[in-house]
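There are 2 protein chains.
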Amino acid sequence: MVRRQSAADCDLGVARAFIGGRWKSAILCELYAGPVRFGELRRRVRGVSEKVLFEQLRELEAAGVVGRAVFDEVPPKEEYSLTPTGLTLAQAAHPLVEWGLRHAAQVSAEPH
Amino acid sequence: MVRRQSAADCDLGVARAFIGGRWKSAILCELYAGPVRFGELRRRVRGVSEKVLFEQLRELEAAGVVGRAVFDEVPPKEEYSLTPTGLTLAQAAHPLVEWGLRHAAQVSAEPH
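Protein sequences, first through last, are from chains U and R.
For what it's worth, our numbering labels the leading residue of the first sequence as 1, then goes sequentially.
For what it's worth, our numbering labels the leading residue of the second sequence as 1, then goes sequentially.
Source of the hints: derived by calculation from the structure; they are not laboratory data.
Take every hint as true, because none was put in to throw you off.
Cβ-to-Cβ under 10 angstroms is the rule here; a few derived chain R residues that face chain U: (1) Val14; (2) Arg16; (3) Leu28; (4) Cys29; (5) Val65; (6) Ala93.
Using N, Cα and C, we set each Cβ at its ideal position, and we do this for glycine too.
Please work from the sequences and hints to get the whole structure.
So, in structure tokens, the structure goes:
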């Protein structure tokens, strides 16, 4: 892997807006496995409140990373899924997931 | 890219400890281009205070991601570099950097 020549082109800022926070990265992980309804997503993303989940989903949707389908049922149901951009984000984040699985024991033994 | 079967194996938590914060990800980016002395690192990582940079480097060092060489000069100089584990982390994060470069305009137009 060729090392970069300078830091100028090494900015994680844009992606960090999505994977830097606990809830957004958990939501992206869940949707990476396929579309999920709000209630099920709430169950899977342990510890998130309904309000926070709703807000995070709206932000991800506004950023074009997550899409929402509304089902005309009683009560109406909403299903969330990754947009094509969201899918490329999840794929780009996947090496970090694998890195974490490989190095969890080694790096988490230390305070950080 | 094959989608995961479940979210259980999709945890960014370990890596997020390193790339989730503004300073650590900037430090890793700088060191990805090669070893850097403390003073130069302080100049490059814009906005970081000496105290914060020192703490972040010590945390990265304690986690085994960054190494430190001390040069017996007057005054003594310290040079920081990625350890082999640090290099694999930077490499795993690189697809997200590229994702950010490709999608910055599209996703940053929205609040998140």
